[in-house]
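Asker: Each chain, written out:
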Amino acid sequence: MMETLNIILLMPEIFIAVMAMVFLIFGVFQGNRSTDALCRAAVFSFVIAAYIILQTNWDTQFALNNMLVVDSFSSIIKLIIIIGVIASLGLSVKYLHQERISRFEYPVLIMFAGVGMMLMVSANNMLALYMGLELQSLSLYVLAAFNRNSLKSGEAAAKYFILGALSSGMLLFGMSLIYGFVGSLDFMTIQNTLSSLEAIPPGLTVGMVFILAALVFKISAAPFHMWTPDVYQGAPTGITAFFAIAPKVAALALIIRLLYVPFVSIADQWMQVLYFVSIMSLLFGAFVGIAQSNIKRLFAYSSIGNMGYALIGLIAGTEAGVSSVIVFMLIYMIMTAGSFAVILCMRRDGIAVENISDLSGLSKNQPILAYIMAALMFSMSGIPPFAGFFGKLFVFNAAVDSGHYLLAIIGVLASVVAAFYYLRIIKIMFFDKPADLFDKEIDVEKRIVLFLSLFFIIGFIFRPLFVLSIAQNAASSLF
Amino acid sequence: MNFPPVLSIMIFLPLICAIMVAMVRGEKGDEAIVEKNVKHLSLFSSLFVLAFGIFTYQNYDATITDFQFVENYEWLASLGINYHLGIDGISLYFVMLSVFLTPICILASWTSVKKRVKEYMIAFLVLESFMIGTFVALDSILFYVFFEAVLIPMFLIIGIWGGARRVYASYKFFLYTLFGSVLLLLGLLTLFSQVGTTDIPSLIANPVDAGLQKWVWLAFFVSFAVKMPMWPVHTWLPDAHVEAPTAGSVVLAGVLLKMGGYGFLRFSLPMLPDASIYFAPLVMWLSVIAIIYTSLVALVQEDMKKLIAYSSVAHMGFVTLGIFSFTQQGLDGAVFQMISHGVISAALFLCVGVVYNRLHTRDISRYGGLVNNMPIYATMFMIFMLASVGLPGTSGFIGEFLSLLGAFQANILIATFATTGVIFGAAYMLLLYRRVVFGPQGNKDAAQMSDLDSIEKAILAPLVILVIYLGVFPNTVLEKVTPATSQIVFVYQDRNVPDDMVENSDGIIEVETQDASVSE
Chain E
2 MMETLNIILL
12 MPEIFIAVMA
22 MVFLIFGVFQ
32 GNRSTDALCR
42 AAVFSFVIAA
52 YIILQTNWDT
62 QFALNNMLVV
72 DSFSSIIKLI
82 IIIGVIASLG
92 LSVKYLHQER
102 ISRFEYPVLI
112 MFAGVGMMLM
122 VSANNMLALY
132 MGLELQSLSL
142 YVLAAFNRNS
152 LKSGEAAAKY
162 FILGALSSGM
172 LLFGMSLIYG
182 FVGSLDFMTI
192 QNTLSSLEAI
202 PPGLTVGMVF
212 ILAALVFKIS
222 AAPFHMWTPD
232 VYQGAPTGIT
242 AFFAIAPKVA
252 ALALIIRLLY
262 VPFVSIADQW
272 MQVLYFVSIM
282 SLLFGAFVGI
292 AQSNIKRLFA
302 YSSIGNMGYA
312 LIGLIAGTEA
322 GVSSVIVFML
332 IYMIMTAGSF
342 AVILCMRRDG
352 IAVENISDLS
362 GLSKNQPILA
372 YIMAALMFSM
382 SGIPPFAGFF
392 GKLFVFNAAV
402 DSGHYLLAII
412 GVLASVVAAF
422 YYLRIIKIMF
432 FDKPADLFDK
442 EIDVEKRIVL
452 FLSLFFIIGF
462 IFRPLFVLSI
472 AQNAASSLF
Chain Y
9 MNFPPVLSIM
19 IFLPLICAIM
29 VAMVRGEKGD
39 EAIVEKNVKH
49 LSLFSSLFVL
59 AFGIFTYQNY
69 DATITDFQFV
79 ENYEWLASLG
89 INYHLGIDGI
99 SLYFVMLSVF
109 LTPICILASW
119 TSVKKRVKEY
129 MIAFLVLESF
139 MIGTFVALDS
149 ILFYVFFEAV
159 LIPMFLIIGI
169 WGGARRVYAS
179 YKFFLYTLFG
189 SVLLLLGLLT
199 LFSQVGTTDI
209 PSLIANPVDA
219 GLQKWVWLAF
229 FVSFAVKMPM
239 WPVHTWLPDA
249 HVEAPTAGSV
259 VLAGVLLKMG
269 GYGFLRFSLP
279 MLPDASIYFA
289 PLVMWLSVIA
299 IIYTSLVALV
309 QEDMKKLIAY
319 SSVAHMGFVT
329 LGIFSFTQQG
339 LDGAVFQMIS
349 HGVISAALFL
359 CVGVVYNRLH
369 TRDISRYGGL
379 VNNMPIYATM
389 FMIFMLASVG
399 LPGTSGFIGE
409 FLSLLGAFQA
419 NILIATFATT
429 GVIFGAAYML
439 LLYRRVVFGP
449 QGNKDAAQMS
459 DLDSIEKAIL
469 APLVILVIYL
479 GVFPNTVLEK
489 VTPATSQIVF
499 VYQDRNVPDD
509 MVENSDGIIE
519 VETQDASVSE
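Residue numbers (the numbering used here), protein chains in the order written: chain E, 2 to 480; chain Y, 9 to 528.
So that you can see chain E by itself, here it is in the shape it has in the complex:
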């Protein structure tokens, strides 16, 4: 291993961080009327960052004295995150105006969160991991409270912050235990030390479990999911969309790297933990979701359940499993972006409505919106020929291939239960009597997100290899 800075590898992160600071200064002088321009500029910055990533060599390289790593896995996940961030920026431009919370901090905070997420997936050292995670989390806490005049938004932010701080504490505690036993925070050193140990000291396992618990909190898997419904419901919808889309991918990618690089030789230990977490998430997501009447809460439970599926792929412990998780997360992210575009369209007389029953008879009033939503819901419940089916197919295939039949059976049965609430949305849109009209105008950004997500979930079946081979490329760099 070379002891070099290799700072050139961090160009995308540095670029976005610098731009964010420039925007901040610009915003301070120009005030809130610059928000729209800054949002566009932020999208543009992320596009440039994506371009830089595409131009870099994806062979495994280390930067900042092994603190960070750039390989095909991190590059591809960063690209996925950038897509998600751009989608959520697009979704909320108009929304911020409508809710009169169009402040220039919004694009800046999103960009900092973006940098945090990109650093997370590149982390090759526990400290780098912590720094990236906290940069992201602190931005998210502030974003949750973005509508500072709303009581709910404040409540959501407080809950998120307190529980998030608790999980950060657990993360640090776990890291210190690992450091105590291994004597290093470097992923490679931990991996080598662990694989040379004959017996795993219990304290080490405890440390690993603490770290895992903290990260499971970030992806909102049960039993650390409590914050999700409240934050989803309380935060301004445009920001909920951001929460639902990008950070989960980053946190899951972080878990993947952590499990398959430093902790790969204690797979027996972490598999038990994830087994439990996965089953809990599947059941919680499926059953509790049925009782929801608020559509944002429903999507919170849906995301809990979907994390359960993603973890099934991780438990498989194979390269195919990891690539299935990447495909699953990409598809899930795109479906969520589309669904939130529809939720953001749910406005009557300029006021956002959030009850599932407000969608009543949408197929009469706005047929195209209703059909897109129906396709998204069928896709979410994993019905072919939509992309959502393939996400689940790859995950279950990995699980069955590695002999985890019980997990696969619980997974498919949970998907039947969860299908009930996705169907309910379709039922309300298509079978029920029309309610009052939604505001007709849909801005261009939402249209683009809606049609791109629809195009993706329908088009996936024709070229499934396109996505799958990218994911396989990403997974191969971890093995």
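Warning: the hint list may mix true and false statements.
Unchecked claim - Restraint ranges, calculated between C-beta atoms of paired labels, are given here:
#  : chain 1 : residue 1 : chain 2 : residue 2 : range
1  : E       : Ile352    : Y       : Arg443    : 54 to 60 Å
2  : Y       : Gly88     : E       : Leu167    : 42 to 48 Å
3  : E       : Ser197    : Y       : Asp74     : 53 to 59 Å
4  : Y       : Ala172    : E       : Asn150    : 25 to 31 Å
5  : E       : Ala268    : Y       : Ser210    : 16 to 22 Å
6  : Y       : Gly204    : E       : Gly155    : 33 to 39 Å
7  : Y       : Val203    : E       : Ile352    : 54 to 60 Å
8  : E       : Pro435    : Y       : Gly171    : 16 to 22 Å
9  : E       : Tyr52     : Y       : Gly204    : 38 to 44 Å
10 : E       : Ile352    : Y       : Glu79     : 50 to 56 Å
11 : E       : Asp269    : Y       : Leu226    : 48 to 54 Å
12 : Y       : Ile24     : E       : Asn150    : 50 to 56 Å
To be verified - Listed next, the in silico DSSO-like pairs over lysine-lysine satisfying Cα-Cα at most 27 Å (straight line):
#  : chain 1 : residue 1 : chain 2 : residue 2
13 : Y       : Lys465    : Y       : Lys122
14 : Y       : Lys314    : Y       : Lys123
15 : Y       : Lys36     : E       : Lys441
16 : E       : Lys95     : Y       : Lys314
17 : Y       : Lys452    : E       : Lys434
18 : Y       : Lys222    : Y       : Lys123
19 : E       : Lys365    : E       : Lys434
20 : Y       : Lys180    : Y       : Lys122
21 : Y       : Lys180    : Y       : Lys314
22 : Y       : Lys44     : E       : Lys434
23 : Y       : Lys44     : Y       : Lys122
24 : Y       : Lys465    : Y       : Lys44
25 : Y       : Lys180    : Y       : Lys36
26 : Y       : Lys488    : Y       : Lys452
27 : Y       : Lys123    : E       : Lys365
28 : Y       : Lys122    : E       : Lys434
29 : Y       : Lys452    : Y       : Lys465
30 : Y       : Lys222    : Y       : Lys314
31 : E       : Lys441    : E       : Lys95
32 : Y       : Lys488    : Y       : Lys123
33 : Y       : Lys465    : E       : Lys434
34 : E       : Lys365    : E       : Lys95
35 : Y       : Lys123    : E       : Lys441
36 : Y       : Lys465    : E       : Lys365
37 : E       : Lys365    : Y       : Lys180
38 : Y       : Lys123    : Y       : Lys36
39 : Y       : Lys36     : E       : Lys365
40 : E       : Lys365    : Y       : Lys122
If you're looking for bench data, these hints aren't it; they were derived computationally from the structure.
Here a beta-carbon is modelled for each residue, glycine too, at the ideal position from N, C-alpha and C.
Fit chain Y to the given chain E structure using the hints.
Answerer: Just chain Y, lined up with the frame of chain E:
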């Protein structure tokens, strides 16, 4: 011989036509013209697909036992999952059934569907595409994609255009079938991980070990039994049938139920022979219970559609009975029974639809004496009713007779019980017919109803012809089916089945010619 890719054309043509239908637009106030154009375009599309179906049928070579019109392209190549299509004697007829019933469904909805006509027609065209795909797919994952995708248009058809309890019925239909389907998926993935391929012919050629077969078989069984439907998981069917619009019932009874039987014939039997033998008694007893129990339930129904729905469960019982006898006659009978039931039950639901459109009730007691004011209707209804009972000379007889013949060779006790179902079948169908068509004209509005109009005649006439033709010349079907089924039977010949259970395949031809001559 090289053919154009007819199977792909038949799958994608309805989809393309559905997109075209979606694009039919008009000025404000032109709704009637738009509706008319939509109907004509859909009918034309479905007839176009039917033409391709007939072309396939004409060019199908009965002397080749292997799959024909094969198309094999890479799809998910890194997993080894391919876009592999092909048909044999079994799937040929299910494809024909799908392409034949879709134009009839569209015609049957010509005047009865009044709201959202465009969406309705699109749903049927998409449904047709998925149905054909299910029967021609030769890759198990591809099969699964179509098998489950069928739920989407059917769910919407029941839910949007259905009756009073449509929401309950559509949920029940969707969730029951989905529950079975996901287990089927796990079974398929298990086979995939063991054998390393999802290609159906390769899976048939490489059976897994007997212990694993049982688990996979059970997973398959849940799915196909729900779809079939077999007792005790049949309860979604009466609800779905009663609430679905007429054309929805037609396609549900005519094609969707056959997917279960097709699944048994394509997956369970050839891929899992040891497990199939092990579980055969279970299936046969369930079939007998289905036949007797649902026949008795049918006897007391007051709702016409519900009665026919329960009779469908009973008739499907004969199919499973025939399939799990593992004999040439039984399998031929099962396939024939499915084809014949597809035509007859479709026709019966259309007959119910005819009177429902006039009186808007399915209550049997609201009718009576229709023979006086609707003589043509009474005649056609009688032909279908007798075919459903299994009168010799109609297609219903051949299917039931051959299935029972197969069952008798496998287990005399079970077959004896099952045969009583034929009597019950006659009882409830004759009772239905007597109460609706004969008797006093107690209800004034029922006595006022007009006889069949030209569209209704055009729908029912081809079905009458088909029912009688298949009853008199069953060999036109069997000569193509037998080569395919004999391959399945062949697998069971050298297993530990008692010798007297398996006849040589020549016997069947003699039996058939006798039938034909008797009924002529």
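Asker: If a hint holds in the structure, say so; if it does not, say that too.
Answerer: Consistency of the hints with the structure:
For the pair Ile352(E) and Arg443(Y), the beta carbons lie near 57 Å from each other, so the given range of 54 to 60 Å is met. Checked against the given bound of 42 to 48 Å, the beta carbons of Gly88(Y) and Leu167(E), roughly 46 Å apart, stay inside it. Take Ser197(E) and Asp74(Y): their Cβ atoms lie about 58 Å apart, and the range 53 to 59 Å holds. Restraint check, Ala172(Y) to Asn150(E): a C-beta distance of roughly 47 Å breaks the suggested window 25 to 31 Å.
For the pair Ala268(E) and Ser210(Y), the beta carbons lie near 33 Å from each other, so the given range of 16 to 22 Å is not met. The hint said 33 to 39 Å for the Cβ distance between Gly204(Y) and Gly155(E), and at roughly 56 Å that hint is violated. For Val203(Y) and Ile352(E), the Cβ-Cβ distance of about 58 Å falls inside the hinted range of 54 to 60 Å, so the restraint holds. At about 20 Å, the CB distance of Pro435(E) to Gly171(Y) agrees with the hint of 16 to 22 Å.
Hint check: Tyr52(E) to Gly204(Y), Cβ distance near 41 Å, so the stated range 38 to 44 Å holds. Between Ile352(E) and Glu79(Y) the C-beta distance comes to about 54 Å, which sits within the given range of 50 to 56 Å. A beta carbon spacing of about 30 Å between Asp269(E) and Leu226(Y) contradicts the range 48 to 54 Å that was offered as a hint. Between Ile24(Y) and Asn150(E) the C-beta distance comes to about 52 Å, which sits within the given range of 50 to 56 Å.
For a cut-off of 27 Å, the pair hint linking Lys465(Y) to Lys122(Y) stands: about 21 Å separates their Cα positions. Restraint check for Lys314(Y) and Lys123(Y): the C-alpha separation of about 24 Å stays at or below 27 Å, so the hint holds. Straight-line distance between C-alpha atoms of Lys36(Y) and Lys441(E) comes to about 18 Å, which keeps the hinted pair within the 27 Å bound. Straight-line distance between C-alpha atoms of Lys95(E) and Lys314(Y) comes to about 52 Å, which puts the hinted pair past the 27 Å bound.
With a C-alpha separation of about 34 Å, the suggested pairing of Lys452(Y) with Lys434(E) is violated against the 27 Å cut-off. Using a Cα cut-off of 27 Å, the hinted pair Lys222(Y) and Lys123(Y) is violated, with the two alpha carbons roughly 48 Å apart. Pair hint Lys365(E) plus Lys434(E) holds up; C-alpha atoms about 9 Å apart against a cutoff of 27 Å. A C-alpha spacing of about 25 Å is found between Lys180(Y) and Lys122(Y), which places the hinted pair at or below 27 Å, so the restraint holds.
At roughly 16 Å between alpha-carbon atoms, Lys180(Y) and Lys314(Y) fall within 27 Å of each other, so this suggested pair holds. Using a Cα cut-off of 27 Å, the hinted pair Lys44(Y) and Lys434(E) holds, with the two alpha carbons roughly 26 Å apart. Only pairs whose Cα atoms come within 27 Å are accepted, and Lys44(Y) paired with Lys122(Y) is accepted, the gap being roughly 11 Å. Of the pairs offered as hints, the one joining Lys465(Y) and Lys44(Y) holds, with about 20 Å between alpha carbons and a cut-off of 27 Å not exceeded.
At most 27 Å may separate the alpha-carbon atoms for a hinted pair to count; Lys180(Y) and Lys36(Y) exceed this at roughly 38 Å. Simply put, Lys488(Y) and Lys452(Y) have alpha-carbon atoms about 50 Å apart, too far for the 27 Å limit, and the pair is violated. Taking the CA atoms of Lys123(Y) and Lys365(E), the gap is about 11 Å. The hint holds against a cut of 27 Å. Straight-line distance between C-alpha atoms of Lys122(Y) and Lys434(E) comes to about 16 Å, which keeps the hinted pair within the 27 Å bound.
Under the criterion of a C-alpha separation no larger than 27 Å, the hint pairing Lys452(Y) with Lys465(Y) is consistent with the structure, at around 24 Å. For a cut-off of 27 Å, the pair hint linking Lys222(Y) to Lys314(Y) is broken: about 35 Å separates their Cα positions. Pair hint Lys441(E) plus Lys95(E) holds up; C-alpha atoms about 14 Å apart against a cutoff of 27 Å. A C-alpha spacing of about 42 Å is found between Lys488(Y) and Lys123(Y), which places the hinted pair above 27 Å, so the restraint is violated.
Taking the CA atoms of Lys465(Y) and Lys434(E), the gap is near 36 Å; set against the 27 Å cutoff, the hint is violated. With a C-alpha separation of about 25 Å, the suggested pair Lys365(E) and Lys95(E) falls inside the 27 Å cut-off, and the hint holds. Distance check on the hinted pair: Lys123(Y) and Lys441(E) sit about 23 Å apart at the alpha-carbon level, within 27 Å; holds. Only pairs whose Cα atoms come within 27 Å are accepted, and Lys465(Y) paired with Lys365(E) is rejected, the gap being roughly 34 Å.
Our distance criterion of 27 Å between C-alpha atoms is met by Lys365(E) and Lys180(Y), whose separation comes to about 24 Å. Distance hint between Lys123(Y) and Lys36(Y) is fulfilled; the C-alpha atoms sit about 17 Å from each other, no more than 27 Å. Distance hint between Lys36(Y) and Lys365(E) is fulfilled; the C-alpha atoms sit about 16 Å from each other, no more than 27 Å. Restraint check for Lys365(E) and Lys122(Y): the C-alpha separation of about 15 Å stays at or below 27 Å, so the hint holds.
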